[in-house]
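**Student:** Order-wise, the sequence lines are chains A and B. The opening position of the first sequence corresponds to residue 5 in our numbering, with each subsequent residue numbered one higher. The opening position of the second sequence corresponds to residue 717 in our numbering, with each subsequent residue numbered one higher.
It is worth saying that the hints were derived from the structure and are not from the lab. Check the hints yourself; a few may be wrong.
[As the list claims (entries may be wrong)] What follows is a list of derived Cβ distance ranges for each label pair:
1) A793(B) / L21(A): 33 to 41 angstroms
2) L67(A) / F737(B): 42 to 50 angstroms
3) E54(A) / D785(B): 31 to 39 angstroms
[Stated by the list, open to error] Under 8 angstroms between C-beta atoms, here's a sample of chain B residues computed to sit facing chain A:
4) A733
5) Q738
6) I739
7) R740
8) V759
9) P761
10) F780
11) D785
12) Y787
13) Q789
14) A793
15) E824
[Said to hold, decoys possible] Computed footprint of chain A on chain B, listed as stretches where at least three residues anywhere in the stretch have a Cβ under 8 angstroms from a Cβ of chain A:
16) 795-803
17) 806-815
18) 825-838
For each residue, glycine too, the CB sits at the ideal point set by N, CA and C.
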Amino acid sequence: MVNRVIVGAHYGMGSWLAQRITAVIMAVYSLILGFVLIEEGPFDYAEWQELFANGWMRVATLLFAAGLAWHAWVGMRDIWMDYVKQDGLRLALQVLTVLLLACYLGWAVQVLWR
Amino acid sequence: MANAALKRRRPKYLSLAALVFQIRLPLPGKVSILHRISGALLVFPLAAWLLYLLDQSLASEEGFNHVKDHYLQAPLAKAGLLVFIWAYCHHFCAGIRFLLLDINQGIELQAARRSAALVLAVSLALTAYFGYRVW
C-alpha cells in the first residue's frame, strides 16, 4: 500500500512550530533579562557595557535576535497573506520584510561584537 | 419573508468605519487583533528604535549618558517607550495564552473569555508598573 499525502506538503506546519519554539526562547530570555535589569539596575556605563561584554549574554542575545527574526518573518508573512490580495505588492512587502529582518540581525551582531 | 429580505442585502461590503464601529468583537477577538497589531508595531518601528538605543548606549560613555539623561527624558521618547512596553507586555501575555490554547488548555468558552480578560488586565497592569518606573 502506498501512503500518499494528497492534501499538500504541510510546509505551514514547520513555520507554525518554529514560531512557537522561538516564542518560548524569547519569553525565557525576556524574563531573565527583565529580572537582571530590575535587580541590578539602574546601570552606569561601565556596568551596562560589562553586562553585554559577557560571552553568555552575547550568545543569548544573538539567539534572541535570531529567534525574533524567524518569529517575526512567520508573523509578518501571515499578516501580508491575510490583508494584501495583490500578488506583486504582497511579494514586494515580503521581500522588504526579509530585508528589514536581515538588517536587524546584522545590526545586532555589530552592536554585540564591537 | 425575512430570509429573502436578508438575501437581497448580500453581499455586504464593510467600510473601515463598519469594521471599527459596527462589528463588536468578543473579548478573545480583541486580544487576538491586538496581538497582531502589537506584533507588527514591535517589528517596525519599535525593534529598530530599540536596536538604535542599544547601539548608542553601548558605543561610548557619551552615547550612554546622552541616551539616559537627554534622549529618553524627552516626552516623545517616553511616550514611545510606553508604547513599546505595552506592545511587549500584551504580545507576551497574549502569546502565552495562545501557547496554552495550542496545547488545549482553557479552550472552553468561559475559560477562554476569562483568560482573554486576564491577558488585557495583566498587560495593562504591567504597562502601568513599568511605565511608572520609567517615568
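**Student:** Now, for every hint given, state plainly whether the structure supports it.
**Tutor:** Here is how each hint holds up against the structure:
1. A C-beta distance of roughly 38 angstroms is found between A793(B) and L21(A), which places it inside the suggested range of 33 to 41 angstroms.
2. In this structure the hint that L67(A) and F737(B) lie 42 to 50 angstroms apart at CB holds, the actual value being about 43 angstroms.
3. In this structure the supplied range 31 to 39 angstroms is violated for E54(A) paired with D785(B), their Cβ-Cβ distance being about 20 angstroms.
4. With a cut of 8 angstroms, the hint placing A733(B) at the interface with chain A is violated, because the nearest CB-to-CB distance is about 17 angstroms.
5. Because the beta carbon of Q738(B) sits about 19 angstroms from the nearest beta carbon in chain A, more than 8 angstroms, this interface hint is broken.
6. Annotation: interface hint on I739(B) violated; nearest CB of chain A at approximately 16 angstroms, more than 8 angstroms.
7. With its C-beta approaching chain A no nearer than about 21 angstroms, R740(B) sits outside the 8 angstroms limit, and its interface hint is violated.
8. Evaluation of the V759(B) hint against chain A yields a held restraint, the C-beta minimum of about 5 angstroms falling below 8 angstroms.
9. Using the Cβ-Cβ criterion of 8 angstroms, the hint placing P761(B) at the interface with chain A is not satisfied: the shortest such distance is roughly 10 angstroms.
10. Evaluation of the F780(B) hint against chain A yields a held restraint, the C-beta minimum of about 4 angstroms falling below 8 angstroms.
11. For D785(B), the shortest C-beta to C-beta distance to chain A is roughly 11 angstroms, which exceeds 8 angstroms, and the interface hint is violated.
12. Interface hint status for Y787(B): violated, as the beta-carbon distance to the closest one in chain A is roughly 14 angstroms, over 8 angstroms.
13. Because the closest C-beta pair between Q789(B) and chain A is about 14 angstroms apart, greater than 8 angstroms, the hint is violated.
14. The criterion of a C-beta within 8 angstroms of any C-beta in chain A is not met by A793(B), whose closest approach is roughly 17 angstroms, and the hint is violated.
15. The interface hint given for E824(B) is violated, since its Cβ lies 22 angstroms from the closest Cβ of chain A, which is over the 8 angstroms cut-off.
16. Coverage of the region 795-803 of chain B by chain A is violated [criterion: at least 3 residues with CB-CB distance below 8 angstroms; count 0].
17. With 4 residues having a Cβ less than 8 angstroms from any Cβ of chain A, the region 806-815 of chain B passes the three-residue criterion, so the hint holds.
18. Counting residues of the region 825-838 of chain B whose beta-carbon sits less than 8 angstroms from any beta-carbon of chain A gives 0, not enough to reach three: the coverage restraint is violated.
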